[in-house]
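Kindly produce the complete structure, drawing on both the sequences and the hints.
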Amino acid sequence: MSKWNKKLWLRGLTHAFWLLLLVGAAWLTLAARQDKNADRIKGIEIHIQGGEEHLFIDENELKNLIGYAQRIHNKPRHLVPLRELENLVEKNPWVSQAQLFIDNNQVLQVGLVERQPVVRVFDSSAVSFYLDSTGFRLPLSDKMTARVPVITGFEPQQKNDTALFKDMVVLARQLAKDSFLNAQIAQVALLPEKNYELLPLIGLHTIRLGTTENLAEKLSKLSAFYTGAWLQKGMLRYKVLDLRFQGQIVGVRSNWNPPVFSDSITISTPELR
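Numbering (our numbering), first residue to last: 7 to 279.
Be aware that a few hints might be false.
Stated by the list, open to error - Estimated spans, in silico, between C-beta atoms of each pair:
hint	residue 1	residue 2	range
1	85	153	41 to 47 Å
2	46	150	46 to 52 Å
3	254	193	42 to 48 Å
4	103	148	19 to 25 Å
5	186	76	48 to 54 Å
6	161	226	48 to 54 Å
7	46	161	26 to 32 Å
8	217	258	16 to 22 Å
9	198	133	18 to 24 Å
10	217	142	21 to 27 Å
11	200	85	49 to 55 Å
12	146	192	17 to 23 Å
Hint data in this document are derived by calculation from the structure and do not stem from the laboratory. Keep in mind that this is a model prediction, so the values were computed, not measured. We put the CB at the ideal spot given by N, CA and C, even for glycine.
Here it is, written out as structure tokens:
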């Protein structure tokens, strides 16, 4: 090989080296960008458990709460503070539990359990709130109104009485088990010493429940009375029904005189005095 040809060959080899180096650098840069983009959050999926019956928190509210558009979308996954976001979501009173994670497709998965109201409580100033099944106090929602039993007579100074809250929940849930009573009892009045009176939707009588001791038995007696003696003697015969006595209902008669019919009906019911 001549000296000139050798020089040209070395120059071509040098050019090829630099060309390969530039191509390699470009490829590495592109790969780095692709890896960087592949590690970024691409979307969000929200799953709300318990929202089948009520829905007091929606997906848009959750996205705004965690600042998804500003703080999370297109952000590298290792920079997303999952635990901090979970704590933020759980500060919403309607959320009992939240879990967040990022799946293999770089999608932020948000799972939460929504609290379900079981009773609405009114205080003496007509201010009201809900209680969930654990006795946790919930604010009213501008999204919807839950159709749950109503208890009145709560005093504001009792706001931290968790035992009372749980007692009211027990009563509300027991009423909800009987579809007829759940519809017939329009309101529950809270009295001193955790005593209650039930105010019916149909009829002019008051039902003295007493405490929630032996609650299932008391409501069973009431249900049997409504489906038995009530049909026989009429809904206006009594002004007070007292459930506080074991094995019987004590009735205080009203001044209303029922009309006399030619036909009569006799139904086996709890003893009524």
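Tested hints:
1. A hinted range of 41 to 47 Å holds for the C-beta pair residue 85 and residue 153, which are about 44 Å apart.
2. One distance hint, 46 to 52 Å for the beta-carbon pair residue 46 and residue 150, is violated here, with the actual separation near 36 Å.
3. Checked against the hint of 42 to 48 Å, the C-beta distance between residue 254 and residue 193 comes to roughly 25 Å, which is inconsistent with it.
4. With their beta carbons about 23 Å apart, residue 103 and residue 148 fall inside the hinted range of 19 to 25 Å.
5. Judged by the Cβ atoms, the range 48 to 54 Å given for residue 186 and residue 76 holds: they are separated by roughly 52 Å.
6. Our hint of 48 to 54 Å for residue 161 and residue 226 is violated, since their Cβ atoms are close to 30 Å apart.
7. The beta-carbon spacing between residue 46 and residue 161, approximately 54 Å, falls outside the hinted interval of 26 to 32 Å.
8. Checked against the given bound of 16 to 22 Å, the beta carbons of residue 217 and residue 258, roughly 20 Å apart, stay inside it.
9. A hinted range of 18 to 24 Å for the beta carbons of residue 198 and residue 133 is consistent with their spacing of about 20 Å.
10. About 22 Å separates the C-beta atoms of residue 217 and residue 142, a value consistent with the hinted range of 21 to 27 Å.
11. About 52 Å separates the C-beta atoms of residue 200 and residue 85, a value consistent with the hinted range of 49 to 55 Å.
12. Between residue 146 and residue 192, the C-beta spacing of about 19 Å keeps the proposed range 17 to 23 Å intact.
When each numbered hint is compared with the structure, violations occur for hints 2, 3, 6 and 7.
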